[in-house]
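Chemist: Here is what each chain is made of, one letter per residue.
2 protein chains.
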Amino acid sequence: MRKELYGHEISVLRDTFRRLLRRHAKTNIVKLIKKTHPADLALLFRYFNDVEQKTLFNLMDDPEKTAEFLIELDDGIVAPLLEDEDPQRIVQFFRELGSNDQAYILGLLPEEKAQSIMDLMRAEEQEEVEEIMAYPEDSAGSIMSTDVFTLNQDTLAKDAIAALQGFEQAEMVFYLYVTDEDNRLAGVISLRDLVTTKPDATLKDIMIKQVHSVRPETDQEEVAKIVSRYNYLALPVVDMENHILGIVTVDDVVDIIREEATEDFLQMAGVGKDREILLKSTFEESKLRFPWLFATWLGGIVATIIVTSFGDLLNRIFVLAAFMPIIAGMGGNMGTQSSTIVVRGMATGRVDFGNAFKIILKEIRVGLILGAFYGLLLGIYAYFRFYDVSPYLGLVVGLSIYCSMLIATTIGAFVPIFLRRIGVDPAIATGPFVTTSIDILGVSIYFLIATALLPV
Amino acid sequence: MRKELYGHEISVLRDTFRRLLRRHAKTNIVKLIKKTHPADLALLFRYFNDVEQKTLFNLMDDPEKTAEFLIELDDGIVAPLLEDEDPQRIVQFFRELGSNDQAYILGLLPEEKAQSIMDLMRAEEQEEVEEIMAYPEDSAGSIMSTDVFTLNQDTLAKDAIAALQGFEQAEMVFYLYVTDEDNRLAGVISLRDLVTTKPDATLKDIMIKQVHSVRPETDQEEVAKIVSRYNYLALPVVDMENHILGIVTVDDVVDIIREEATEDFLQMAGVGKDREILLKSTFEESKLRFPWLFATWLGGIVATIIVTSFGDLLNRIFVLAAFMPIIAGMGGNMGTQSSTIVVRGMATGRVDFGNAFKIILKEIRVGLILGAFYGLLLGIYAYFRFYDVSPYLGLVVGLSIYCSMLIATTIGAFVPIFLRRIGVDPAIATGPFVTTSIDILGVSIYFLIATALLPV
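So the sequence lines, in the order shown, correspond to chains A and B.
So for the first sequence, the numbering used here puts the first residue at 1; every next one is plus one.
So for the second sequence, the numbering used here puts the first residue at 1; every next one is plus one.
Same shape as in the complex, but just chain A:
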């Protein structure tokens, strides 16, 4: 009886593979590969270097398992692994895959390589793959499986079951889609209802007529939302005439949800939207992180210019410099909190334009409360600690941190909502943009208040 493969078991398996690889114990490696689930093999590949990966891959001989392994493998590993591989061998594995999985792997390979594999495929398969590859990236069309089990609505239940027995392709059949005389999607029946109904009922009698469906251009995030909201196991993809093109199954949706949910936060931190950033080289990662750091850098230069313009004041009361970090830090964290709450709310569907204004107002109220509290706290500290410098210093820093925190919640909540309104992905810019603008505004307000309140 197999139990869950926790992290511990994965590392035991990894060490066993390593030991066998060192000893060049081919027969044992082949045996171990046979015993290991393809999904676990894919996971293990993260820990092996290029040479180890190639050695193991060359020892895989079960086409079905190897095909599943390739699908489960991280994007970043697939290309280098298959690059020098004989197209003939790759095509062997491809025979075990649906068109959407074939398209996915071909999309990861250099064009030439992909073409050489395509040339070895049957004309009909080629066509199907090309069709899928023509859909936009991350659309329902690009992830749908084209092996769908459909039957006409006049079919009898018993004939439907017989037909099911002849349908080898689809690994995940739980719904039977029913079409009308014009071959349009007319209804859906769960396998369970099919089995438990009277054998002589027609599908038309037992099918559910309200079927949710999406178009091939629909974004996969939208597909994931529908599947998760209504607890579907699959969602049909139809064309303008309501003919079924394919289905998106829940197992793909699970992966999409995980990736999309976390992708937002990579973008918020300004590290691009590359899901496999951990597998990138040092140089590539640096390139991904470069642009937003540059924006921060420019913002920093602006802050420098602002501070310098208050040179006389600083020259007189250098203690003012000591409170710059706390004012910027509190504002920065406060702003990040607000934009994290809002960006996450948009990802889970809890923030939209209908309630955006209410949410911004609430963040402002939170800013008023927390700003007042921390302003008072810092003001009291500064008053007693630096009474000798100026009795007004407490008021200056207290008021400044209050303003900075209030501005921070406002900007933090407003920016992602505004970006979405103008059609920009709110996660892209939010993080560094919010902290940088809060930095600049915070420092300006601080020195303006100081100029106004501190006696010359």
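What the hints contain is simulated information worked out from the structure, not anything from laboratory work.
These numbers come from a predicted model, not from an experiment.
Cβ atoms here follow ideal geometry from the backbone N, Cα and C, with glycine treated the same way.
It cannot be assumed that every hint is accurate.
DSSO-like cross-link-like pairs, simulated, lysine-lysine; straight-line CA separation at most 27 Å [said to hold, decoys possible]:
hint : chain 1 : residue 1 : chain 2 : residue 2
1    : B       : LYS54     : A       : LYS287
2    : B       : LYS54     : B       : LYS65
3    : A       : LYS31     : A       : LYS65
4    : A       : LYS209    : B       : LYS358
Among chain A residues calculated to face chain B with C-beta under 7 Å, some are [what the hints assert, rightly or not]:
hint : residue
5    : SER11
6    : VAL12
7    : LEU13
8    : TYR230
9    : VAL271
10   : MET324
11   : ILE326
12   : THR340
13   : VAL443
14   : PRO455
Some, not all, of what chain B presents toward chain A, calculated at C-beta under 10 Å [unchecked claim]:
hint : residue
15   : ASP40
16   : TYR232
17   : ASP239
18   : HIS243
19   : GLU285
20   : ILE327
21   : GLY329
Fit chain B to the given chain A structure using the hints.
Modeler: What follows is chain B alone, placed relative to chain A:
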């Protein structure tokens, strides 16, 4: 034919409900409720106030639909909605729910209310619910459905199909679990395999004998990982003797994945792990955000003390203050980027102790590259801009930002890995802790370098 309900359609529906509510058009409201999917109703409730919610809820009369609606509703809405409701009415809806869903709702209610509902349930149902409520929060036991379809391994395929027809309870049957003579989990058969096999085959002959299972104490996040890694539709939960206690189905896993994936980032921003923070009151949200802001505040005071201790230097060269924001800002963003990458990597399973060291080293290399670039850039700017103040100032700020960015990537990558090693949730503290410590270290290094390099 029903198409996907996009945000637009939801807001149309919301406005229609509002209009009908204003007009007290009861009959029309009841009709509209009947036409609306329970999941959509649950979504709509986010936009209605308490009074509107109560009015609508009182007009729901289909027990099955209302039960589904309650399950789909946000946690934060369930309690106020049911608080003053007649237990008799609630029990009506409860009859339509599985024990796990009953336990979930009871867990949201005040103890007294929950008890008054329990008292109205049948003894057997009560027992089942109490059993589930005894499992730890967020464990497999607390989310499993106890309505499982199991049969003995000696059953014939045709008898199994007949048995399936008599099994009303389970809404989501796609696997048939097979037990041995001691009633232990022995295998699993997909419904499709059952239907397409010879009627006289025994289940033992056609079942898959390797079944993944978890224990009721297993964390739901682990359950979600297994289901998503191996593309399962359900996962059995077994006791120590391998008797089936229940199953966790993929539709619950989808919700868990979304919540867990985004929860990390709320924690990283220091706003607690309350998934429904958007539904909290202003005051409650302020309370959730308070603790980490306090940590930031303390860190800021430390920074203040450090800066003040370099008072003589600042007093002489006040321009030094102008570069504090850029040094802190670049370090802060750099550190947030690194810890976001690592925390997300741990959430998706790509970072573990096996490769933690390698990942920290890579982050350090990224820090070396980007730090060198931006150090040079800022150094050149400061050299030309403030040559009159000191020809060394370029060197001081360039070197400082270089060190600050290098330290930022190191701390940003190290802290979450270290927290996890010592058994603390890495997301809890990472964000504010990383930025605050980078602030303090950055400012210290800056003034130390300035003291060392700038002529007295």
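Chemist: Look at each hint and say if it fits the structure.
Modeler: Each hint tested on the structure:
no., hint, result
1, B/LYS54 to A/LYS287, "violated, 54 Å"
2, B/LYS54 to B/LYS65, "holds, 16 Å"
3, A/LYS31 to A/LYS65, "holds, 13 Å"
4, A/LYS209 to B/LYS358, "violated, 55 Å"
5, SER11, "holds, 6 Å"
6, VAL12, "violated, 11 Å"
7, LEU13, "violated, 11 Å"
8, TYR230, "holds, 5 Å"
9, VAL271, "holds, 5 Å"
10, MET324, "holds, 5 Å"
11, ILE326, "holds, 3 Å"
12, THR340, "holds, 4 Å"
13, VAL443, "holds, 6 Å"
14, PRO455, "violated, 19 Å"
15, ASP40, "holds, 8 Å"
16, TYR232, "holds, 8 Å"
17, ASP239, "violated, 13 Å"
18, HIS243, "violated, 12 Å"
19, GLU285, "holds, 5 Å"
20, ILE327, "holds, 8 Å"
21, GLY329, "holds, 5 Å"
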